[in-house]
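K.L.:
Assemble chain B onto chain A, guided by the hints.
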Amino acid sequence: MVVNLRGLNMSGNSVAHDQYRLDFKELDGRLVPDSPSWLSENRQIAFSEFENLGFRTTKRANERWKYTNIAPLARTGFRYRFEPNEDVVTIRSIRELLPWHEDWTRLVFVDGMYSDLLSNPDNNSSDVYVGQLREAMVDRSDVIENSLGSLVSYSKDGFLAANMAFLSDGAFVHVSNGVSPRKVIHLIFVSTGDEDPMVSYPRTLVLAGSGSDMTLVESYVGLLNNSYFTNAVTEVLVEDGSKVEHYRYMKESQDAFHVGTSRVQLGRDSTFSSSSFSQGSSIARNDLGVTFNSPGSSCSLSGLYQASDSEHVDSSIDIDHASPNCSSDQYFKGILDGNSRGVFSGKVLVRPEAQKTIARQADKNLLLSEGARINTKPSLEIFADDVVCSHGATAGALADELMFYMMSRGIDEKTARSLIVYGFASEIIDKFNLAPIRDRIECLLLDGSDFQ
Amino acid sequence: MTNPKVISRTSSDKELNSDYKYGFVTDIETDLAPKGVNEDIVRLISAKKNEPEFLLEWRLKAYRHWLKQAGKDPDWAKIKFPAIDYQDIHYYASPVQAPQLESLDEVDPELIEAFNKLGIPIEEQKKMSGVAVDAIFDSSSVATTYQESLEKAGVIFCSMSEAVQRYPDLVRKYLGSVVPYSDNYYATLNSAVFSDGSFVYVPPGVRCPMELMTYFRINAEESGQFERTLIIADKGSSVSYLEGCTAPMRKSHQLHAAVVELVALDDAEIKYSTLQNWYPGDKNGEGGVYNFVTKRGKALGNNSKISWTQVETGSAITWKYPSVILQGDNSVGEFYSVALVNNHQQADTGTKMIHIGRNTKSTIVAKGISAGKGSNTYRGLVQIMPSAQNATNFTQCDSLLIGDKCGAHTVPYIDVRNQTARMEHEASTSKVSDDQLFYSMQRGISEEESHYMIVNGFCRGIFQELPFEFAMEAQQLLRVNLEGAVG
Chain A
3 MVVNLRGLNM
13 SGNSVAHDQY
23 RLDFKELDGR
33 LVPDSPSWLS
43 ENRQIAFSEF
53 ENLGFRTTKR
63 ANERWKYTNI
73 APLARTGFRY
83 RFEPNEDVVT
93 IRSIRELLPW
103 HEDWTRLVFV
113 DGMYSDLLSN
123 PDNNSSDVYV
133 GQLREAMVDR
143 SDVIENSLGS
153 LVSYSKDGFL
163 AANMAFLSDG
173 AFVHVSNGVS
183 PRKVIHLIFV
193 STGDEDPMVS
203 YPRTLVLAGS
213 GSDMTLVESY
223 VGLLNNSYFT
233 NAVTEVLVED
243 GSKVEHYRYM
253 KESQDAFHVG
263 TSRVQLGRDS
273 TFSSSSFSQG
283 SSIARNDLGV
293 TFNSPGSSCS
303 LSGLYQASDS
313 EHVDSSIDID
323 HASPNCSSDQ
333 YFKGILDGNS
343 RGVFSGKVLV
353 RPEAQKTIAR
363 QADKNLLLSE
373 GARINTKPSL
383 EIFADDVVCS
393 HGATAGALAD
403 ELMFYMMSRG
413 IDEKTARSLI
423 VYGFASEIID
433 KFNLAPIRDR
443 IECLLLDGSD
453 FQ
Chain B
291 MTNPKVISRT
301 SSDKELNSDY
311 KYGFVTDIET
321 DLAPKGVNED
331 IVRLISAKKN
341 EPEFLLEWRL
351 KAYRHWLKQA
361 GKDPDWAKIK
371 FPAIDYQDIH
381 YYASPVQAPQ
391 LESLDEVDPE
401 LIEAFNKLGI
411 PIEEQKKMSG
421 VAVDAIFDSS
431 SVATTYQESL
441 EKAGVIFCSM
451 SEAVQRYPDL
461 VRKYLGSVVP
471 YSDNYYATLN
481 SAVFSDGSFV
491 YVPPGVRCPM
501 ELMTYFRINA
511 EESGQFERTL
521 IIADKGSSVS
531 YLEGCTAPMR
541 KSHQLHAAVV
551 ELVALDDAEI
561 KYSTLQNWYP
571 GDKNGEGGVY
581 NFVTKRGKAL
591 GNNSKISWTQ
601 VETGSAITWK
611 YPSVILQGDN
621 SVGEFYSVAL
631 VNNHQQADTG
641 TKMIHIGRNT
651 KSTIVAKGIS
661 AGKGSNTYRG
671 LVQIMPSAQN
681 ATNFTQCDSL
691 LIGDKCGAHT
701 VPYIDVRNQT
711 ARMEHEASTS
721 KVSDDQLFYS
731 MQRGISEEES
741 HYMIVNGFCR
751 GIFQELPFEF
761 AMEAQQLLRV
771 NLEGAVG
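As they're listed, the protein sequences go chains A and B.
Those letters in the first sequence? Residues 3 to 454, by this note's numbering.
Those letters in the second sequence? Residues 291 to 777, by this note's numbering.
Chain A with its partners taken away, still in its complex shape:
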């Protein structure tokens, strides 16, 4: 039998914008002297891949981007920022933007560049390292060489290839075997933007040693209201018996483009939980993939996505059950207003060897306006028989009965509406175990109502 693969080789009509070529040359010239050779090589390969792939805008055989049109992103020549724009960012200005707690260990990146001034790293003990990737490449070169890029393949995806090609720094979190850092680790990526469209390439590598336990927060925010592009990649390697609690908070500026790719690999009997909040922008995409490589582990993914006006928010969740006795649970909710559009595509793949898999998947959506639109595609691909898998999806408007109930009790329409929306979202909000994040989201949802 010949596999009918026609179409997969077509790279589409898009190639990388010239701006990227200029910037890559410049950046490469600056980085090569200090970079380890393996990294320089990888970056070169990644860039040539990126030149071929570009950002594919064709619809044909481009299922992963079926409902998200990246043409506006692909035709713009986003510039790389070589000099940091640190002076506009202060502790005070970022505190306003994101979940905040004084005690948290924090790494702050401004336009993709590490800010010594704003960060509060934790890299003194041998047990825990929370710091710059660039520095760690000197001290812990072996570990990084083995793990960086091990979960993302940039040969098929222009976004991943570009991130690798422009990799100059990033966040590195390494927790040794059996260690449980007391403090929450907060990675903050702020974009300042500019008159010209700028791009940044946040990169995060997390290694959770066996038997460790950590809580990690990633925040992506925009400081000024302009158009920029954040192309983020996060890799999380969860080793045997460890536990990682992960949160992702995304609120880029309204005109921004955000394509975030996270890849997680779970070791034996490990636990991974992730809750994300995604606020729409021009394009806000949260692409999360979890692979079960060893038996006995479980993951629970939840998320709330919200968009209004002409924003676009896209959640793409991929779960690969490659081992037996694992369980996964996805619970996502969307709130769409104005002329916004929400996209959810959740895929569960259960490979033949992954017997005794339990997989659940649910996506519920609330449409608040005439112009709002949702595309949801929860899919199951199952090759093992002794499994319990299910999925569900719903979409609907605010129930008139609920509004009537509230308003007949003297609550004005606006407040009633935001209370119902809040009620809808609260199931997901409750999954954020950290109060600062919960408060932040509550604040956003109840904005403008008397209950703030």
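By construction, these hints were calculated from the structure, which means they are not laboratory data.
Be aware that a few hints might be false.
[What the hints assert, rightly or not] Within a straight-line C-alpha distance of at most 27 Å, the following computed DSSO-like cross-link-like pairs (lysine-lysine) qualify:
hint: 1; chain 1: B; residue 1: 663; chain 2: B; residue 2: 721
hint: 2; chain 1: B; residue 1: 525; chain 2: B; residue 2: 463
hint: 3; chain 1: B; residue 1: 325; chain 2: B; residue 2: 358
hint: 4; chain 1: B; residue 1: 695; chain 2: B; residue 2: 338
hint: 5; chain 1: B; residue 1: 651; chain 2: A; residue 2: 158
hint: 6; chain 1: B; residue 1: 362; chain 2: B; residue 2: 351
hint: 7; chain 1: B; residue 1: 721; chain 2: A; residue 2: 61
hint: 8; chain 1: A; residue 1: 358; chain 2: B; residue 2: 721
hint: 9; chain 1: A; residue 1: 61; chain 2: A; residue 2: 158
hint: 10; chain 1: B; residue 1: 525; chain 2: B; residue 2: 338
hint: 11; chain 1: A; residue 1: 158; chain 2: B; residue 2: 368
hint: 12; chain 1: B; residue 1: 362; chain 2: A; residue 2: 68
hint: 13; chain 1: B; residue 1: 663; chain 2: A; residue 2: 358
hint: 14; chain 1: B; residue 1: 651; chain 2: B; residue 2: 370
hint: 15; chain 1: A; residue 1: 245; chain 2: A; residue 2: 27
hint: 16; chain 1: A; residue 1: 358; chain 2: B; residue 2: 368
hint: 17; chain 1: A; residue 1: 433; chain 2: A; residue 2: 185
hint: 18; chain 1: B; residue 1: 351; chain 2: A; residue 2: 61
hint: 19; chain 1: A; residue 1: 68; chain 2: B; residue 2: 525
hint: 20; chain 1: A; residue 1: 68; chain 2: B; residue 2: 721
hint: 21; chain 1: B; residue 1: 525; chain 2: B; residue 2: 642
hint: 22; chain 1: B; residue 1: 368; chain 2: B; residue 2: 358
hint: 23; chain 1: B; residue 1: 358; chain 2: A; residue 2: 68
hint: 24; chain 1: A; residue 1: 68; chain 2: B; residue 2: 370
hint: 25; chain 1: B; residue 1: 338; chain 2: A; residue 2: 61
hint: 26; chain 1: A; residue 1: 158; chain 2: A; residue 2: 27
hint: 27; chain 1: A; residue 1: 358; chain 2: B; residue 2: 695
hint: 28; chain 1: A; residue 1: 61; chain 2: B; residue 2: 362
hint: 29; chain 1: B; residue 1: 368; chain 2: A; residue 2: 68
hint: 30; chain 1: B; residue 1: 525; chain 2: A; residue 2: 158
hint: 31; chain 1: A; residue 1: 61; chain 2: B; residue 2: 695
hint: 32; chain 1: B; residue 1: 642; chain 2: A; residue 2: 61
hint: 33; chain 1: B; residue 1: 695; chain 2: B; residue 2: 573
hint: 34; chain 1: B; residue 1: 338; chain 2: B; residue 2: 368
P.N.:
The following block gives chain B in isolation, referenced to the frame of chain A:
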């Protein structure tokens, strides 16, 4: 339907690996066009059928469009097969006997024998009340029964070629109005070279007095069959149409690219049931029919209803998405499906419900059963357009896995563009539960029999949607096709 058609059996080990029951070749002189497709072949088909000018034009437009698509056959479905050589197919094959026969006596006895083997005893059926059969043997309609009593009610039920001659205005008005010639690769090819099919027109206010039934059968070696069926239910009318399929055993793959179009005007109702049991190929995945079919209904009028019910147990590959365009206000679309794959069968099937009118409602219930090394995919689209105020959809797709070498996939696409819509989708996948098996086995029922019972129960809701005779047959079909899957 009476017993002869029912596949009855007693299970014995020898029969467990039984080969396809309907694999035989009828030796009839066939009028074959040379292999391959080009404009001349399209013209030849049209000329053979003495078609009016507009139809030839339409076929040629389709053919030219198809040429532009060359090499772009759909590749998004979860199916694998060697590339099809479209020039290695006979596009026209017709039994030499002229199709216009008044009585069965004039039909070649060998042909009648073939039908009897198929379990369609025409003589007997003539006596049976309530079912008229339009038997399609390869591409030409050979015998049509009950024509007269239908005529009395004003219902037109004839072959497509006949309709083209006798009712060119209706054909011209509705052909391609639901599935345009440019719709998809296979539908385009079909539009260019379609050979024959059924045509039904139910006039306003008429309730079709009997269930209409057609048998399709592919016969001539390596001839693809390209049927075109068109059913029109005029205002306030209703019709139930049944389609049953079997095909003889073949060594090389056979392409079947049919198109079915349904049009329901105001207050009209069409129920279309399919039982598909074409040759699925042998246990090693050799041979078998490629069933690449485009079926679509347009609930054009207000308060109209279109309902698809299908039981798909055959074919090496099924690529089929019976859909409903809910254009009229308050129109209803339904899709009930059982798809079974065993051995190396592949099925990528589902439905599309496109809500356009206000207060439109659709229901989708799909049951997939995978056994052996089969791959079964539900792929569906529910689209609620901005104009579809208060549309509702309910979707349920369940999959049952038997054995650890098969696959069951669910790929629903949901596109909601109107906030007043209520859309619910749920799906589950599991194996036959050990508890249920234990329960029935400890009561002395064999493992195999228990499986049949449980699978039957799993599909019960769909079978109930079928006309009674079909429901009985569907159960038997399921049982035959599950053989060898258990234990």
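K.L.:
Hints the structure violates: just list their numbers, smallest first.
P.N.:
4, 5, 7, 10, 14, 15, 19, 20, 25, 30, 31, 34
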